[in-house]
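Sequence lines, in order, name chains A and B.
So that you can map any letter, position 253 of the first sequence is 253 in the UniProt record's numbering, and since no number is skipped, the others follow by simple counting.
So that you can map any letter, position 44 of the second sequence is 44 in the UniProt record's numbering, and since no number is skipped, the others follow by simple counting.
Treat the hints as calculated values from the structure; they're not laboratory data.
Don't take every hint at face value.
[To be verified] Cut-off 27 Å, straight-line C-alpha distance, at most; resulting in silico cross-link-like pairs (DSS-like, lysine-lysine):
hint : chain 1 : residue 1 : chain 2 : residue 2
1    : B       : K17       : B       : K28
2    : A       : K250      : A       : K150
3    : A       : K123      : B       : K67
4    : A       : K267      : B       : K67
5    : A       : K117      : B       : K67
6    : B       : K17       : A       : K267
7    : B       : K9        : A       : K267
8    : B       : K67       : A       : K206
9    : A       : K129      : A       : K250
Since we're looking at a predicted model, the values are computed, not measured.
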Amino acid sequence: MTTVSDLSSAEPVPNPNTTTIGRSSGPPTSPSQCRQRRPRSTTLRRMTLNPRRYAHHRDGVLEREVPIPTVAGASCCPDFGRLDRGLRLEYTSSQKFRQTQRTPTSMANSAIPQTRKTLHPTKYRESLKPGTVLILLAGRFRGKRVILLKQLTGGALLVTGPFKVNGVPLRRVNHRYVLSTSTVVNIEGVDSKVIEKVSEEGYFTKGKESKAKGEEAFFKQGEKPEKKQVDSGRAEDQKAVDKALLASIKKVDNLSHYLGSSFSLRKGQQPHAMVF
Amino acid sequence: MPEAGHRLKHLSYTRGKRNTSPGTSLLKLEGVDDTNAARFYCGKRVAYVYRAQREKQGTKIRVIWGKVQRPHGNSGVVRAKFRSNLPPKSFGASVRVMLYPSSI
Numbered sequence: 001m002t003t004v005s006d007l008s009s010a011e012p013v014p015n016p017n018t019t020t021i022g023r024s025s026g027p028p029t030s031p032s033q034c035r036q037r038r039p040r041s042t043t044l045r046r047m048t049l050n051p052r053r054y055a056h057h058r059d060g061v062l063e064r065e066v067p068i069p070t071v072a073g074a075s076c077c078p079d080f081g082r083l084d085r086g087l088r089l090e091y092t093s094s095q096k097f098r099q100t101q102r103t104p105t106s107m108a109n110s111a112i113p114q115t116r117k118t119l120h121p122t123k124y125r126e127s128l129k130p131g132t133v134l135i136l137l138a139g140r141f142r143g144k145r146v147i148l149l150k151q152l153t154g155g156a157l158l159v160t161g162p163f164k165v166n167g168v169p170l171r172r173v174n175h176r177y178v179l180s181t182s183t184v185v186n187i188e189g190v191d192s193k194v195i196e197k198v199s200e201e202g203y204f205t206k207g208k209e210s211k212a213k214g215e216e217a218f219f220k221q222g223e224k225p226e227k228k229q230v231d232s233g234r235a236e237d238q239k240a241v242d243k244a245l246l247a248s249i250k251k252v253d254n255l256s257h258y259l260g261s262s263f264s265l266r267k268g269q270q271p272h273a274m275v276f
Numbered sequence: 001m002p003e004a005g006h007r008l009k010h011l012s013y014t015r016g017k018r019n020t021s022p023g024t025s026l027l028k029l030e031g032v033d034d035t036n037a038a039r040f041y042c043g044k045r046v047a048y049v050y051r052a053q054r055e056k057q058g059t060k061i062r063v064i065w066g067k068v069q070r071p072h073g074n075s076g077v078v079r080a081k082f083r084s085n086l087p088p089k090s091f092g093a094s095v096r097v098m099l100y101p102s103s104i
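Using the sequences plus the hints, can you model the full thing?
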């Protein structure tokens, strides 16, 4: 390998226009090289992964700028013998592009944790179709058999007893806390306008917002909790929805008895072996 | 609640011959004797219910909640992780398996 020695001088001096970074880069030849503890690419990666931790890095750049190599012929004559196996930072066009992407503002913004998650619509099980009879598994009405009216957003299902049959009102229920049975009730006659009104976002949470918070709540702690006032509108919506349901339930033998009874596991019954 | 309280026995912690790992418990359901049947219960919530002397939050009954993780072995035993590890005095005691989160 005589080409290299022809270009450079007798003693081994690393090319001043390139930078060798890495643990085994030999003795540092300039003061700035001493400060470097880890390769710049690693630092940048760490900063993206832990933006809060590196928020103090002002513009995402270490103190020392790594210069761009400009020596002609350096790339075609690799200096095998002289320099050790450090990373030679020769800027390829892609690296230069990445350089410019990490602008001061973008690094500052990445100090704020940005979520890369996208909200997808809930995927409900195939067995959860409107009209299915469900068994509620938890909560106040556990064990009750109810009719599924509609799939709402965010994992919720709109459900009704009907109220006259088993005391379950129009209610939201999480789809995972429900067993679906193979029994299906005809819900065609149900007033769809009322159902849409009930499926609106604020319908079930309206009353909760008016709860006093902060100082008022602190003073109110000693007093008895106010009895929950239910909108009279709710009762009307309930009646409107249940009217058609009750009619279709009566057409089927024993269905109202079925919906009125509760589900329970008895001794010897194995849920994994049961067909619902 | 019967529909939620299918009982199983807390057998032991996961362990090798001489060392136990109390982080995960082994539970055995009656009537569940093979891995396929045990798979039905994976992901279901589990509760160890016990009584204590002092009343807390209005009751002397306390619960440690957990989840069934995966089957263990070929005979229907199941691994579960609880919010805090089950106490060793619960070996042989009943633990309740819920039917939720349900996939039916």
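Right, here's what the structure says about each hint:
1. K17(B) with K28(B): This hinted pair holds, its Cα atoms lying about 19 Å apart.
2. K250(A) with K150(A): Between K250(A) and K150(A) the Cα gap is close to 21 Å, so the pair holds against 27 Å.
3. K123(A) with K67(B): 22 Å, holds
4. K267(A) with K67(B): 23 Å, holds
5. K117(A) with K67(B): 26 Å, holds
6. K17(B) with K267(A): 35 Å, violated
7. K9(B) with K267(A): Holds: K9(B) and K267(A) sit about 15 Å apart, inside 27 Å.
8. K67(B) with K206(A): 34 Å, violated
9. K129(A) with K250(A): Holds, because 21 Å separates the two Cα atoms, which is no more than 27 Å.
When held up to the earlier numbered hints, the structure conflicts with 6, 8 and fits the remainder.
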